[in-house]
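Since the structure of chain A is already known, use the hints to place chain B with the ligands on it.
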Amino acid sequence: MKPLVEMRNITKKFSGVTALENINFDILSGEVHILLGENGAGKSTLMKILSGIYEPTEGSIILSGREYSKLTPADSAENKISIIYQELSLIDELSIAENLFVGKLPTKKVMGIPVVDFAHIHEKTAELLKRVGLNRSPSTLVGELPISEKQQVEIAKALASDAKVIIMDEPTSSLTTEEVNKLFAIIRQLKKEGVGIVYISHKMKELAEIGDRVTVLKDGKHVGTKPLKDVTTDQLVSMMVGRELNAKNLNPHRAETNEVIFEVQHLTRKDRAVQDVSFKLYRGEILGFAGLIGSGRTELMNAIFGAAELESGDMTLFGEKVIIKSPHDAVKKGLAFITENRRETGFFHNFEIWKNISISSLVRKSKWGGIWGFVNKQAEQQQAEEQKKVLRIKCSSILQNITELSGGNQQKVIIGKWLAAQARLMIFDEPTRGIDVGAKSEIYAIMRKLANEGKGILMVSSELPELLAVCDRIIVFKDGRLRATFTNEEATEEKIMLAATSDM
Amino acid sequence: MVNRFRESWQKFGIFGIFILIVAALGILSPEYFLTTNNLTQVVLQSAITILIACGEFFTILIAGIDLSVGSVIALTGVITGKLLVSGTPVVLAILIGGILVGGLLGAVNGILVNKTGLHPFIITLGTMSIYRGITLIISDAKPIFGFPQSFKEGVAGWIFHIPIPVIIALTVALILHFITTKTILGRNIYALGGNAQSAWFSGIDIKKHQLIVFIISGICAGIAGVVMTARLGAAEPLAGVGFETFAIASAIIGGTSFFGGKGTIIGVVMGGLIIGVINNGLNILNVSTYYQQIVMGSLIIAAVTLDKLFSAKK
Ligand SMILES: Nc1ncnc2c1ncn2[C@@H]1O[C@H](COP(=O)(O)OP(=O)(O)OP(=O)(O)O)[C@@H](O)[C@H]1O
Ligand SMILES: [Mg+2]
Chain A
1 MKPLVEMRNI
11 TKKFSGVTAL
21 ENINFDILSG
31 EVHILLGENG
41 AGKSTLMKIL
51 SGIYEPTEGS
61 IILSGREYSK
71 LTPADSAENK
81 ISIIYQELSL
91 IDELSIAENL
101 FVGKLPTKKV
111 MGIPVVDFAH
121 IHEKTAELLK
131 RVGLNRSPST
141 LVGELPISEK
151 QQVEIAKALA
161 SDAKVIIMDE
171 PTSSLTTEEV
181 NKLFAIIRQL
191 KKEGVGIVYI
201 SHKMKELAEI
211 GDRVTVLKDG
221 KHVGTKPLKD
231 VTTDQLVSMM
241 VGRELNAKNL
251 NPHRAETNEV
261 IFEVQHLTRK
271 DRAVQDVSFK
281 LYRGEILGFA
291 GLIGSGRTEL
301 MNAIFGAAEL
311 ESGDMTLFGE
321 KVIIKSPHDA
331 VKKGLAFITE
341 NRRETGFFHN
351 FEIWKNISIS
361 SLVRKSKWGG
371 IWGFVNKQAE
381 QQQAEEQKKV
391 LRIKCSSILQ
401 NITELSGGNQ
411 QKVIIGKWLA
421 AQARLMIFDE
431 PTRGIDVGAK
441 SEIYAIMRKL
451 ANEGKGILMV
461 SSELPELLAV
471 CDRIIVFKDG
481 RLRATFTNEE
491 ATEEKIMLAA
501 TSDM
Chain B
505 MVNRFRESWQ
515 KFGIFGIFIL
525 IVAALGILSP
535 EYFLTTNNLT
545 QVVLQSAITI
555 LIACGEFFTI
565 LIAGIDLSVG
575 SVIALTGVIT
585 GKLLVSGTPV
595 VLAILIGGIL
605 VGGLLGAVNG
615 ILVNKTGLHP
625 FIITLGTMSI
635 YRGITLIISD
645 AKPIFGFPQS
655 FKEGVAGWIF
665 HIPIPVIIAL
675 TVALILHFIT
685 TKTILGRNIY
695 ALGGNAQSAW
705 FSGIDIKKHQ
715 LIVFIISGIC
725 AGIAGVVMTA
735 RLGAAEPLAG
745 VGFETFAIAS
755 AIIGGTSFFG
765 GKGTIIGVVM
775 GGLIIGVINN
785 GLNILNVSTY
795 YQQIVMGSLI
805 IAAVTLDKLF
815 SAKK
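Same order as they appear, the protein sequences are chains A and B.
What the first sequence shows, in the numbering used here, is residues 1 to 504, in sequence order.
What the second sequence shows, in the numbering used here, is residues 505 to 818, in sequence order.
The set of hints was computed from the structure by calculation and includes no laboratory data.
Hints may be right or wrong, so weigh each one.
What the hints assert, rightly or not - Straight-line alpha carbon distances no greater than 27 Å define the calculated DSS-like cross-link-like pairs of lysine-lysine that follow:
1) Lys332/A x Lys367/A
2) Lys478/A x Lys495/A
3) Lys766/B x Lys365/A
4) Lys711/B x Lys333/A
5) Lys394/A x Lys440/A
6) Lys656/B x Lys646/B
7) Lys712/B x Lys365/A
8) Lys332/A x Lys712/B
9) Lys205/A x Lys130/A
10) Lys325/A x Lys619/B
11) Lys712/B x Lys325/A
12) Lys495/A x Lys205/A
13) Lys365/A x Lys711/B
14) Lys367/A x Lys619/B
15) Lys377/A x Lys712/B
16) Lys619/B x Lys712/B
17) Lys619/B x Lys711/B
18) Lys455/A x Lys280/A
19) Lys270/A x Lys711/B
20) Lys205/A x Lys221/A
21) Lys124/A x Lys164/A
22) Lys619/B x Lys332/A
23) Lys203/A x Lys164/A
24) Lys712/B x Lys270/A
25) Lys766/B x Lys394/A
26) Lys377/A x Lys686/B
27) Lys440/A x Lys203/A
28) Lys766/B x Lys377/A
29) Lys365/A x Lys389/A
30) Lys325/A x Lys711/B
31) Lys389/A x Lys218/A
32) Lys321/A x Lys711/B
33) Lys367/A x Lys712/B
34) Lys80/A x Lys192/A
35) Lys130/A x Lys164/A
36) Lys203/A x Lys495/A
37) Lys712/B x Lys321/A
Stated by the list, open to error - Per the computed footprint, the stretches of chain B lying under chain A, defined by three or more beta-carbons under 8 Å from a beta-carbon of chain A, are:
38) 690 to 701
39) 706 to 716
Backbone N, C-alpha and C fix where the C-beta goes; we use that ideal spot for every residue, glycine too.
Only chain B is shown next, with the shape it has when bound in the complex:
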């Protein structure tokens, strides 16, 4: 019985909850919530959460965590901004400032985890602070702006009435979904999350996979940093503070097990959307942002409790 419920919960629970929340908000506030304009806004706001959550997902999948994503957003944003104002071509600035730097910052996390053998929580707690510090130093704690129009339009514009950030987030999610379900790399990461000892004895190079996981998380946060900079029209050195909470919450609400080895990208995307919808709904219902934080925290605890309940023996 519990078993059945657990299975269907894992498969469909997340969609059910999403529909429930949307329906509730639709009833509470039909004139605002259910407008195309507002729904587009929700998806647009969720894009950045989904981007970092997809990367975060991999680190949680190996029973780790990445607390540095918020700082990576700021640092990649500021570097991309600097490159743009110094006249670097837009595409090059994005590739270097967002993807390359994001990947490098992730690699630093991965290398530190591998070399020290410490839990990723400790390492990324440290780099969260270090990356933020570097951001403040190179930006002189001031926002950077004055970017070419093509950057803003190309990254934060619209194609066929669809916001480009949404297209970017979905593309990233699709690629990562493919990696998790169709590649040996993906299967190995699940194995590593399930039982690292067994993975090693089965011939999986654990350190290499851990490194890749953190690089993925870094690249995702780097892309999020570029998108955010384009949307704001400025690179803010304090961008992304506290975003790791959203990333972790999306992954967990989306059914990723904190104990490692279980979860899906589709779940994470749904988790990101749920958070977006809830935030938007609370805004529409005029609930203060202070309460929103309480709701977010409660959601994380509830989701992990459910996971623990269901993974306990029957």
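Isolated chain A (complex conformation):
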């Protein structure tokens, strides 16, 4: 069978740095081709060459019998290639429907004048939203959606143009099991229709379930392409990282001390997104928060960090009652918040890596409400070098602009910012989103180390296996309320899911 897309001997250099070297890659009709590799391996770059964003330095692409030395976005669209970018590319100011049909709004003639046929696009949008399982009106502004729902809109957008090839660059990084299952059902349907799919993900469990073939990249080089049924996950991991990964024993356990380092009492948000929540965090423990999307976990963390108005509630940090009215107060009091949507709430596109890392440390040491104090380039750069080492940020220099990093490495920079701030209470909201398997276990180890040093750690995650592997206790949320608490020994995926979904 002739492939839908064939990429031959692709090499891509960014101002001297080789991101891809001599890569061959093809996509067959009706298959899911998995593209696997560590953060910065070159996956997104290869796909951006296919969607016409980047020009290859060398090599060619063959589409429907024609050989191209490079593609423009128009070439790519003409050949019915559509892509879900890792960094979501929706326009916040437009409605869901307008986002789905941006650039190709269907028109109808009214007295001979073409006008946008809104009735038609709303109908089609409603259909697509139902297909991806998003329960929203087509006229909702995208800016109002949480990141997980934006990701669903992005999937719907790829479906809106009847593509022959769909590239999915980490489509499920913000989704929970339920939405992932919906996506997989869609993918199976697309396969039957003969669509070729490229699937990029760091969630190893998903791969076996959905993939047909897998191509592994490492440092921009082609390691191998195999049918998925011929390789085990462990083999894939060692192809990816080039060494054996022995799972570190994180040793979750119920805290032995009874020293409470952080306590929340009867916290209610003004907008009622969180109601009457109370919990305690003991010294040395990592406290996890489970729940469905929209269950109020991120909303609770926002409230703790001063990013949302409170109706009532008290917080005690290391025995001292704290009043936090803004993120500034929070940082000053020694809180850190690795937010869920790091590109929108953590990232400075105009800063180099080192400035992205130092920003919150500077706020911490500043005086007079955050305005008095001096920057210290050397110290800041040294701090950035440290984080680069600890988190294994892949970059040629910390003087690079953050936008030049791969998605996962950008995430690491933002985590590095908060590690550098040396906070006393750290909130990790989906800390391993977009992070490769090797780095994931390193981040868990860092969290454990921080907890052992006596820092408070709160962790929100939509991946139950991750919560079960890392947390000493797990709190389950539903509808903005605390529903259940399990110790690590008691907790199972089933029990958590039950608490998260049932109406008790």
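Positioned in the frame of chain A, the structure of chain B with the ligands alone reads:
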């Protein structure tokens, strides 16, 4: 390739353009343009532009704008003038009329932006008109003059053959350069301009920084108002009309991104000088002031287009 060009453009482009323009004018009119006298004149004329442009720079850095600087020049000039003729000591008149009033007018802009959440364009478009109106009312639309000699000599005089306005402008630029490059305040303002949401979640008090930015712009315009009053020997209620164009043009030509988060004070100073040189050159070449306006407008559009081209993805 584009990347390299962009980098070197951002670093050296502005100096290149400056030298190119100076060389061109030197060749076109060696007998007038390249005289010490004329060059001093150019720098002197640029001083006021540079002063307001340095303040304007901060407001553009946070992806905002300050359209009221021209009116602040007039209002601070008139108040300083009133204080002087009423016998207030010179130093006190400058401090109150120029710096304090300028800062207050800026603070009003900042508070309005913070409280209403409207774009600074709207707010300062409004205050531009309001401040001008107040100026006309308190001056009765008449120029104020009759200042002590010490005021004129102290502010618009010369030290060692260097015009004092130039020294004032460079001192202000130096202080602001220090703030942007060496202080946490400066870094925070860049962060705010790059991504306000991220800045807020990183612990930066956005409203406070916005307020400070507008106060800086107001103080700069206030100082410019005092300098202008001293140079003219009179406080003109219609002084500074249209000056916001020069301020914005200097900042933009100097490489400040209209989208926020990027730019330097050195660039802004160079931008101010370029505008001064071009105006002076066109004068020397006997080009009518009408055409000068066309040149200025074209320059702004060209500079922003370049910025947009280079900040687009490669
Ligand atoms: N615009 C750019 N300028 C310079 N270097 C870049 C640019 N884009 C990507 N790179 C480099 O190319 C390499 C590959 O990046 P790419 O984004 O393809 O990685 P990835 O495999 O998608 O990783 P991740 O899993 O983190 O998304 C990285 O080392 C990155 O730093
Ligand atoms: Mg990527």
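Okay, the hints, checked on the actual structure:
1. Lys332/A x Lys367/A: holds (10 Å)
2. Lys478/A x Lys495/A: At roughly 14 Å apart (the allowed maximum being 27 Å), Lys495/A and Lys478/A satisfy the hint.
3. Lys766/B x Lys365/A: Since the Cα atoms of Lys766/B and Lys365/A sit roughly 24 Å apart, the hinted pair holds (cutoff 27 Å).
4. Lys711/B x Lys333/A: holds (20 Å)
5. Lys394/A x Lys440/A: holds (15 Å)
6. Lys656/B x Lys646/B: holds (20 Å)
7. Lys712/B x Lys365/A: holds (17 Å)
8. Lys332/A x Lys712/B: The given pair, whose Cα atoms are some 16 Å apart, holds under the 27 Å limit.
9. Lys205/A x Lys130/A: holds (26 Å)
10. Lys325/A x Lys619/B: Holds, at roughly 17 Å.
11. Lys712/B x Lys325/A: Judged against 27 Å, a Cα distance of about 14 Å means the pair holds.
12. Lys495/A x Lys205/A: holds (20 Å)
13. Lys365/A x Lys711/B: holds (19 Å)
14. Lys367/A x Lys619/B: holds (24 Å)
15. Lys377/A x Lys712/B: OK: Lys377/A and Lys712/B at ~24 Å, within 27 Å.
16. Lys619/B x Lys712/B: holds (12 Å)
17. Lys619/B x Lys711/B: holds (9 Å)
18. Lys455/A x Lys280/A: holds (14 Å)
19. Lys270/A x Lys711/B: holds (22 Å)
20. Lys205/A x Lys221/A: Satisfied, since the Cα-Cα distance of roughly 24 Å is no more than 27 Å.
21. Lys124/A x Lys164/A: holds (19 Å)
22. Lys619/B x Lys332/A: holds (24 Å)
23. Lys203/A x Lys164/A: holds (25 Å)
24. Lys712/B x Lys270/A: With a Cα-Cα distance of about 24 Å, the restraint between Lys712/B and Lys270/A holds, given a limit of 27 Å.
25. Lys766/B x Lys394/A: Measuring from Cα to Cα gives roughly 25 Å; hence the hint holds.
26. Lys377/A x Lys686/B: At roughly 9 Å apart (the allowed maximum being 27 Å), Lys686/B and Lys377/A satisfy the hint.
27. Lys440/A x Lys203/A: holds (10 Å)
28. Lys766/B x Lys377/A: The hint holds at about 18 Å.
29. Lys365/A x Lys389/A: Roughly 23 Å separates the two Cα atoms, so the pair holds.
30. Lys325/A x Lys711/B: Given pair Lys325/A, Lys711/B holds - Cα atoms ~14 Å apart, limit 27 Å.
31. Lys389/A x Lys218/A: holds (19 Å)
32. Lys321/A x Lys711/B: Roughly 26 Å separates the two Cα atoms, so the pair holds.
33. Lys367/A x Lys712/B: holds (13 Å)
34. Lys80/A x Lys192/A: Distance of about 17 Å is within 27 Å: holds.
35. Lys130/A x Lys164/A: holds (21 Å)
36. Lys203/A x Lys495/A: holds (22 Å)
37. Lys712/B x Lys321/A: With Cα atoms ~26 Å apart, Lys712/B and Lys321/A stay inside 27 Å; holds.
38. 690 to 701: Result for this restraint: holds, n = 9.
39. 706 to 716: Coverage by chain A holds here, the residue count being 7 at a Cβ distance below 8 Å.
In summary, this structure violates none of the numbered hints.
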